[in-house]
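Novice: So the chains spell out like this:
2 protein chains.
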Amino acid sequence: MTERIREFLRNRHEDGPCMVLDLEVVQDNYMKFARALPNTRVFYAVKANPAPEVLSLLAKLGSCFDAASVAEVQLVLAAGATAERISFGNTIKKERDILRALELGVRLFAVDCEAEVEKIARAAREAGIDKREVKVFCRILCDCAGAEWPLSRKFGCVPEMAVEVLEHAYRLGLEAYGVSFHVGSQQRNTGAWDVALASASRIFRECAERGIHLSMVNLGGGFPTKYLKSVPAVQSYGEAIFRGLTKHFGNRIPETIIEPGRGMVGNAGAIEAEVVLVSRKSKDEDEVRWVYLDIGKFGGLAETMDESIRYPIRTEHDRDRKAPCVLAGPTCDSADVLYEKEPYMLPVSLEIGDKVLIEGTGAYTTTYSAVAFNGFPPLKSYVI
Amino acid sequence: MTERIREFLRNRHEDGPCMVLDLEVVQDNYMKFARALPNTRVFYAVKANPAPEVLSLLAKLGSCFDAASVAEVQLVLAAGATAERISFGNTIKKERDILRALELGVRLFAVDCEAEVEKIARAAREAGIDKREVKVFCRILCDCAGAEWPLSRKFGCVPEMAVEVLEHAYRLGLEAYGVSFHVGSQQRNTGAWDVALASASRIFRECAERGIHLSMVNLGGGFPTKYLKSVPAVQSYGEAIFRGLTKHFGNRIPETIIEPGRGMVGNAGAIEAEVVLVSRKSKDEDEVRWVYLDIGKFGGLAETMDESIRYPIRTEHDRDRKAPCVLAGPTCDSADVLYEKEPYMLPVSLEIGDKVLIEGTGAYTTTYSAVAFNGFPPLKSYVI
Numbered sequence: 015m016t017e018r019i020r021e022f023l024r025n026r027h028e029d030g031p032c033m034v035l036d037l038e039v040v041q042d043n044y045m046k047f048a049r050a051l052p053n054t055r056v057f058y059a060v061k062a063n064p065a066p067e068v069l070s071l072l073a074k075l076g077s078c079f080d081a082a083s084v085a086e087v088q089l090v091l092a093a094g095a096t097a098e099r100i101s102f103g104n105t106i107k108k109e110r111d112i113l114r115a116l117e118l119g120v121r122l123f124a125v126d127c128e129a130e131v132e133k134i135a136r137a138a139r140e141a142g143i144d145k146r147e148v149k150v151f152c153r154i155l156c157d158c159a160g161a162e163w164p165l166s167r168k169f170g171c172v173p174e175m176a177v178e179v180l181e182h183a184y185r186l187g188l189e190a191y192g193v194s195f196h197v198g199s200q201q202r203n204t205g206a207w208d209v210a211l212a213s214a215s216r217i218f219r220e221c222a223e224r225g226i227h228l229s230m231v232n233l234g235g236g237f238p239t240k241y242l243k244s245v246p247a248v249q250s251y252g253e254a255i256f257r258g259l260t261k262h263f264g265n266r267i268p269e270t271i272i273e274p275g276r277g278m279v280g281n282a283g284a285i286e287a288e289v290v291l292v293s294r295k296s297k298d299e300d301e302v303r304w305v306y307l308d309i310g311k312f313g314g315l316a317e318t319m320d321e322s323i324r325y326p327i328r329t330e331h332d333r334d335r336k337a338p339c340v341l342a343g344p345t346c347d348s349a350d351v352l353y354e355k356e357p358y359m360l361p362v363s364l365e366i367g368d369k370v371l372i373e374g375t376g377a378y379t380t381t382y383s384a385v386a387f388n389g390f391p392p393l394k395s396y397v398i
Numbered sequence: 015m016t017e018r019i020r021e022f023l024r025n026r027h028e029d030g031p032c033m034v035l036d037l038e039v040v041q042d043n044y045m046k047f048a049r050a051l052p053n054t055r056v057f058y059a060v061k062a063n064p065a066p067e068v069l070s071l072l073a074k075l076g077s078c079f080d081a082a083s084v085a086e087v088q089l090v091l092a093a094g095a096t097a098e099r100i101s102f103g104n105t106i107k108k109e110r111d112i113l114r115a116l117e118l119g120v121r122l123f124a125v126d127c128e129a130e131v132e133k134i135a136r137a138a139r140e141a142g143i144d145k146r147e148v149k150v151f152c153r154i155l156c157d158c159a160g161a162e163w164p165l166s167r168k169f170g171c172v173p174e175m176a177v178e179v180l181e182h183a184y185r186l187g188l189e190a191y192g193v194s195f196h197v198g199s200q201q202r203n204t205g206a207w208d209v210a211l212a213s214a215s216r217i218f219r220e221c222a223e224r225g226i227h228l229s230m231v232n233l234g235g236g237f238p239t240k241y242l243k244s245v246p247a248v249q250s251y252g253e254a255i256f257r258g259l260t261k262h263f264g265n266r267i268p269e270t271i272i273e274p275g276r277g278m279v280g281n282a283g284a285i286e287a288e289v290v291l292v293s294r295k296s297k298d299e300d301e302v303r304w305v306y307l308d309i310g311k312f313g314g315l316a317e318t319m320d321e322s323i324r325y326p327i328r329t330e331h332d333r334d335r336k337a338p339c340v341l342a343g344p345t346c347d348s349a350d351v352l353y354e355k356e357p358y359m360l361p362v363s364l365e366i367g368d369k370v371l372i373e374g375t376g377a378y379t380t381t382y383s384a385v386a387f388n389g390f391p392p393l394k395s396y397v398i
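Listed in order, the protein sequences are those of chains S and R.
Convert by adding 14 to the 1-based position in the first sequence; the result is the number in the working numbering.
Convert by adding 14 to the 1-based position in the second sequence; the result is the number in the working numbering.
If you're looking for bench data, these hints aren't it; they were derived computationally from the structure.
No copy labels: a pair is met if it fits in one copy or bridges any two.
Subject to a maximum C-alpha distance of 30 angstroms in a straight line, what follows is the list of computed DSSO-like cross-link-like pairs (lysine-lysine):
1. K297 / K149
2. K145 / K297
3. K74 / K240
4. K297 / K369
5. K394 / K355
With these hints in hand, go ahead and build the complete structure from the sequences.
Specialist: So, in structure tokens, the structure goes:
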């Protein structure tokens, strides 16, 4: 929460919740990543917050970009970055979208199975592009122990299969470029990269035995934002990763990539919301209060799903006594509850009409928000 | 799935998923509700699908409307219904939104606590409206046994408190109009209304003892759509509700309201989607397949949350052998998985590029869809 955001909000008089993002914090985060991992290229995960101002700033700072769709590729190009700075990092792509990305100049693609490799080879042929110029990296499954939000098995394959997927790419004439993994979102254990780097180095060796020389390890994202608990500094992630690389690759350290999303923009944004109602379900004063805000799960706070992410919430009464409450959104949807299993501590003096600030909301909020659920408009966003 | 929808889809050549809604089915559903509960006014829950064509059709058929926000009130007015046919059914409202609704002519409001009653009284005074013309009904908590999607405790208060809330409304000069409840979404037990009607009749009696004569019971929604399991016919809901009313209110049956949403439009819509990828996580052929569609949790299928709603899915290979698969959406979000805990049976011959039809998707899909998550556009919708 920066003074610039506070200043902006003091001068805002519109109705409805909004997210304000401070570009100075984004710049600071980028510099920290660049310093902590000086030999690693930073690919910002555009999906975390695709605001044009964020993309232009990062493009100017020299960042590369991890795009999840053709639309994101186009946003990055519009922000002034060239196509060779873009990775199409989604392992699930329509063949016609791969073709469009190739036509837009993208040459770096994620895969996790042979079918996806074949799509890329066919699309390159159709686009009349030399397949040796098209690089693919294979995502592997990875233990997410230590992550606040461990990932599902949706992306990646087992390491043994990755060798075959990369060989398949090689046989089809593409460049078998490397390996990627993701240690889980909001990863607080800096050692988590070690196990994954061990797998990656085994894949490098097994590919080399087949005559295929990989060059790159994509270290993924997972770099945390500070919510309620404190998190290690970026520098300590850099050191742990460098130790892992040295341990598993010796003096043949590969090219590396990181894909921070949350870690780049999460702490740069704050949402201002309003208390719509404070009530109890019975006259029993011991029963927990319900506090309803004008933003909820469908208005941008989807990451409260299963109460995974607990955002810090500031009010104007934070010096008063606090008591637990169930926190919910404004829609007529019974699932639109933010924190209930573990109630949230808020001041007992909090009242209808009060403003609250939900911090650490620069990532995965604005674009998650529903089009018009219950008639409520999507979350407004300001980049300052 | 109607022939008209099939015909429409045969002639569609655009890219991307879409939802097609057949108005003839909506009309048929409305007539079934009207016939099954001839003395009950139907308030369509606009949030289920606010498409202007749906609202105009229902307005012409004589339906009333349950609105969750001022934006929904405006949609209903634009569709040609007058304000006295609108209920502002959200128990969580900003005072200035109540004021706007009053100015637009709405006179019927849901509440579940005294603070909300006070907002309505203040707003009526500010709008210069005679408070006796403004009706409030109090929502009570209700056991959701039998519902496929039981509701949280988000809406409603315990019945004993409802008496005090209604008395508070009465003292402030508003019309204490009645009681509402919701027996849980996708309620397959027609007897579920009985328990709630018993509570409602107790509230009527206790209010009468305080000199307050309630007139209305809002029976809520919960009427199911047929997904994979069969559901009772609307007629049997009507009969069960009528029995409950007679049992608990004797020969003084109150005015009644129902608020079908899913039951009105769910089975009128189908989503056409495309298989983007079929893959396995290892070379082990016994391992479950992953099937990735171009629509997922963030593209309109949010109700697959916790795998609550299992939609029927048709493919062009339905005569072939089926095998379990994990079904997932196209985004780079690891939570964007539709069915995994209980894998979904799909034909083994299903291939990349195949179209699939997701049935029963006329309700709670289009407006749930995210603005631009991962760069994917919101779900397209066609009403025919």
